[in-house]
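Novice: Using the sequences and the hints given, assemble the complete structure.
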Amino acid sequence: MQRIRLRYTKRGRLRFTSHRDFQRAFERALRRAEVPMAYSAGFTPHPKVSYANAAPTGTGSEAEYLEIALTDRRDPDKLRELLDESLPAGLDITDAVEARTSGLADRLTASVWELRLEGVEPRDAESAVAAFLAAETVEVQRKTKNGMRTFDARGAVAGLEAGHAASDRSGDGPCAILRLVVRHVTPAVRPDDVLSGLRAVADLAPPVPAAVTRLAQGLFDEESGTVTDPLAPDREAAPAVPSTAAGTASATAPEGPAA
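Heads up: the sequence shown is residues 1 to 259, going by full-length UniProt numbering.
Just so you know, the hints here were simulated from the structure itself, not pulled from any lab data.
What follows is a list of derived Cβ distance ranges for each label pair:
| id | residue 1 | residue 2 | range |
| --- | --- | --- | --- |
| 1 | Ala105 | Asp77 | 15 to 25 Å |
| 2 | Gly159 | Pro88 | 25 to 35 Å |
| 3 | Ser102 | Glu34 | 26 to 36 Å |
| 4 | Arg199 | Lys78 | 41 to 51 Å |
| 5 | Gly173 | Lys78 | 44 to 54 Å |
| 6 | Gly173 | Arg199 | 17 to 27 Å |
| 7 | Arg235 | Glu118 | 35 to 45 Å |
| 8 | Tyr39 | Ser127 | 52 to 62 Å |
| 9 | Thr226 | Asp75 | 28 to 38 Å |
All C-beta atoms, glycine included, are put in the ideal place defined by N, C-alpha and C.
Specialist: So this is what it looks like as structure tokens:
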């Protein structure tokens, strides 16, 4: 059995697709691309697809991950192309590697998010960010299936900074951009929880809902404060392709004149 790990996106209007919607679309793409999927046992077999830490509905993403199991070997790059062609625009397969290490989900320990705050002055966002980072704890509430839950949104935040959005349309109002690095903890702290925290500590309330996009997710490097590519270990574990150029050149080189 071969395992392939894929990176995919949720762009544009497709950010409003739920995880269940994506599952259905992806399974249809597997059938269209005639991927030799391995199936689970039991009365209702399902294709062996493992999803890891899907983004909330309504948020865009450049870095979603999943793993599939195949009964026959396929070239990851060609498989990526076939699946990408079989999915609607906005759900794009951007990377594929053969799984050569264990624990993909264990390497997704943090995410980098971009929050676009239309109608918010960058200086106001900077002040709110400073107040948020200065606080030891920032309690927020979120409604769950078990009712309202109160938790700390500050502890999971490894980085938060504010900047100015470059305007691409004349007459645009102010727009602040937040770049957020958040660790994956329990309970999960989402970008909207951080926005609730900014409202709590600095009364920062964007007039329109924030446009949220996950830029990356992977293993958090404490020293550099960066989030690393979770597929890199699989690439590094791939066997090196032996170079035959020298041997070919030697075999085909013309012989010198006989003495």
